[in-house]
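Got chain B; can you put chain H on it based on the hints?
First to last, the protein sequences are chains B and H.
If you read the first sequence in my numbering, its first letter stands for residue 169, the second for the next number, and so on.
If you read the second sequence in my numbering, its first letter stands for residue 169, the second for the next number, and so on.
Quick caveat, the hints were computed from the structure, so don't treat them as lab data.
Everything numeric in this text was worked out from a predicted model, so none of it was measured.
Among these hints, one or two may not hold up.
Because identical chains cannot be distinguished in the list, a pair is counted as satisfied if it fits within a single copy or across any two copies.
Claimed, not checked - Straight-line distance between alpha carbons at most 27 Å, and here's what the computed DSS-like set of lysine-lysine pairs gives:
id	residue 1	residue 2
1	K457	K446
2	K217	K357
3	K357	K457
4	K510	K444
5	K246	K446
6	K457	K354
7	K336	K354
8	K335	K176
9	K354	K217
10	K506	K246
11	K246	K357
12	K459	K354
13	K427	K510
14	K427	K176
15	K382	K457
16	K417	K459
17	K246	K336
18	K217	K502
19	K506	K457
2 protein chains.
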Amino acid sequence: MDVVTGIKTIFQTENDVFILASSGSGAMEAAVVNTLSPGDSAIVINGGKFGNRWGRICRAYGVSVREIILEWGEPYAKEQLSEELEINPDVNAVFSTLAETSTGTEYDIRGYGEIVAQSEALLVVDGISGIGAISCPMDEWNLDVLLSASQKSFMVPPGLAYISFSKKAWSLVERSTSPKYYFDVKEAKTSMRRGTSPWTPAISLILQQQEALKIIARFGLENFISHHRILGEATRAGVQSIGLELLSKRPANILTAVKTPNGIDGEILVKTMQEKYKTYIAGAQDPHKGKFFRIAHLGYMGGFDVITALSALEMTLEDLGYNFQKGASLCAAKEILKENWK
Amino acid sequence: MDVVTGIKTIFQTENDVFILASSGSGAMEAAVVNTLSPGDSAIVINGGKFGNRWGRICRAYGVSVREIILEWGEPYAKEQLSEELEINPDVNAVFSTLAETSTGTEYDIRGYGEIVAQSEALLVVDGISGIGAISCPMDEWNLDVLLSASQKSFMVPPGLAYISFSKKAWSLVERSTSPKYYFDVKEAKTSMRRGTSPWTPAISLILQQQEALKIIARFGLENFISHHRILGEATRAGVQSIGLELLSKRPANILTAVKTPNGIDGEILVKTMQEKYKTYIAGAQDPHKGKFFRIAHLGYMGGFDVITALSALEMTLEDLGYNFQKGASLCAAKEILKENWK
Numbered sequence: 169m170d171v172v173t174g175i176k177t178i179f180q181t182e183n184d185v186f187i188l189a190s191s192g193s194g195a196m197e198a199a200v201v202n203t204l205s206p207g208d209s210a211i212v213i214n215g216g217k218f219g220n221r222w223g224r225i226c227r228a229y230g231v232s233v234r235e236i237i238l239e240w241g242e243p244y245a246k247e248q249l250s251e252e253l254e255i256n257p258d259v260n261a262v263f264s265t266l267a268e269t270s271t272g273t274e275y276d277i278r279g280y281g282e283i284v285a286q287s288e289a290l291l292v293v294d295g296i297s298g299i300g301a302i303s304c305p306m307d308e309w310n311l312d313v314l315l316s317a318s319q320k321s322f323m324v325p326p327g328l329a330y331i332s333f334s335k336k337a338w339s340l341v342e343r344s345t346s347p348k349y350y351f352d353v354k355e356a357k358t359s360m361r362r363g364t365s366p367w368t369p370a371i372s373l374i375l376q377q378q379e380a381l382k383i384i385a386r387f388g389l390e391n392f393i394s395h396h397r398i399l400g401e402a403t404r405a406g407v408q409s410i411g412l413e414l415l416s417k418r419p420a421n422i423l424t425a426v427k428t429p430n431g432i433d434g435e436i437l438v439k440t441m442q443e444k445y446k447t448y449i450a451g452a453q454d455p456h457k458g459k460f461f462r463i464a465h466l467g468y469m470g471g472f473d474v475i476t477a478l479s480a481l482e483m484t485l486e487d488l489g490y491n492f493q494k495g496a497s498l499c500a501a502k503e504i505l506k507e508n509w510k
Numbered sequence: 169m170d171v172v173t174g175i176k177t178i179f180q181t182e183n184d185v186f187i188l189a190s191s192g193s194g195a196m197e198a199a200v201v202n203t204l205s206p207g208d209s210a211i212v213i214n215g216g217k218f219g220n221r222w223g224r225i226c227r228a229y230g231v232s233v234r235e236i237i238l239e240w241g242e243p244y245a246k247e248q249l250s251e252e253l254e255i256n257p258d259v260n261a262v263f264s265t266l267a268e269t270s271t272g273t274e275y276d277i278r279g280y281g282e283i284v285a286q287s288e289a290l291l292v293v294d295g296i297s298g299i300g301a302i303s304c305p306m307d308e309w310n311l312d313v314l315l316s317a318s319q320k321s322f323m324v325p326p327g328l329a330y331i332s333f334s335k336k337a338w339s340l341v342e343r344s345t346s347p348k349y350y351f352d353v354k355e356a357k358t359s360m361r362r363g364t365s366p367w368t369p370a371i372s373l374i375l376q377q378q379e380a381l382k383i384i385a386r387f388g389l390e391n392f393i394s395h396h397r398i399l400g401e402a403t404r405a406g407v408q409s410i411g412l413e414l415l416s417k418r419p420a421n422i423l424t425a426v427k428t429p430n431g432i433d434g435e436i437l438v439k440t441m442q443e444k445y446k447t448y449i450a451g452a453q454d455p456h457k458g459k460f461f462r463i464a465h466l467g468y469m470g471g472f473d474v475i476t477a478l479s480a481l482e483m484t485l486e487d488l489g490y491n492f493q494k495g496a497s498l499c500a501a502k503e504i505l506k507e508n509w510k
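Only chain B is shown next, with the shape it has when bound in the complex (with noise of 0.2 Å):
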């Protein structure tokens, strides 16, 4: 399978997709640079490290940034952006994130699609961990610029990013003045017509993404995407059974961030679980360190995985005396794997 071709139904798009060698952050760059200009203005939607991110992408390059900070876990409704945009009716872009890494939240980014779309400005998402867990058609929602990156539900170690552009983006493509070279997507769409790269491409990396994208079109990518719901709902009902609380008030089927509860240290949590059960959660970022922590279920993760964490989180909090029913979370998680198992 053409490594373009499965990334484009991914992503449900007909536009041109292009591969390139760096993290998702340099997608993140390439989406600015490419489509925007000094002086130009944008909303920034920043709900975490990843929202914080495009502002600081636009900053470095002169672009002004009007930033809606929202509480970690706080969803961002489409009115708020309609009445947003009509305060600043000049703005040419709204950078959104579709699946907040650093909370476990989603945005509702087919509601900004639609409010985006009657307006002159570009809706660009940052679907580095969303895209492929999530669905997210970037034609039928109306996203201008989508992008993502090979570690996450694409399955592949860290190295590459995908980025895409709607003909209404590319219409600021042609018109932007930032500063760019190697995230230059006029030169990869140039060299794309003639087969190759601009640069020398991480070819090991896009053989591996090959391979990952035969095994996403076996499952098809609808039963992908419930793959992921069902273990966001197994372990958010995990995790819920045994009292805990979710960070997040609208959450993705990426990771469950869940509250740290009262009277535990998050931190010694995270390493018991990860030292002592040798099973690897995340703690929360600066500044929210210790106030909960993350439990992933996406990409090559499975329904037995969830019962891991979950496994390891018990004995955790049993050593560390947390009061629950032991066991209640395993029961709960398994409940719902083996309703929807295939």
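Coordinates of chain H only, in the frame set by chain B:
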């Protein structure tokens, strides 16, 4: 072995080395945007496709370029650079290539280092294909920025680039106003101090590099460089023994560029080698297509790869009606390999 330490050994430097998730061209961009500012000026030594790239990157970021355009394969003497710097005393940097992949030519980096060190300017060297094959001690030769990439003598698939800055270069890094984000070396330095990287690292390639560095360490850098010298000498002796001419007046021990003999179509020669004899040599790039061909001999290639290439070349030349003493190139190359065998 720690990868950064291994690369520092090969760069022969005490400076920090930063690992980028990009191809070598990304590190070239990093060299420009971190040290220069819009309106700065630079001398670019352009002896081929990659020298040309320096000029393109500088111009993309608003740097004024005095470009020395050389005939492909021609050397450039340090005295010429000295005169150029006298005429243009205000340049902020001199950009050169250690070994130009498009022509197989080595430039006098040691000599340029002597000259540029006496000025305020930085000496910036693209060592993508040269480092590891050719001795280029960064500190001893007074280089200010040295960069390379994973896929040449470092013996790892493409996707990683390495870059190092001298103290003199850091003073320009501190004052550089070029817009940058993904390639911002100050971010990389801050992260390195905390033992991390600013963006997701291309970890599978880093682990591969760790193994390849162990191989180089077992040889020892000096022997690894001698190995390249011997392969270069054997290849040159081989092609010259059958009446072929070298393109380069100062051949680099990374590949040998050979002029296509009169009456033979160079593109057919390369195609025959590749398709009939399954021996992958490279043709010449635009605007010299067909006029010469390039036999690589670097990284994990060994003496018998040289013999293989020459055997296929002789077979191809027979097919194309070139008149020569059959077997002579093999004998000439084998003699050099045998004499130097350890």
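Review point. Can you name, in rising order, the numbers of the hints this structure does not satisfy?
Key: 4, 5, 10, 11, 12, 13, 14, 15, 18 and 19
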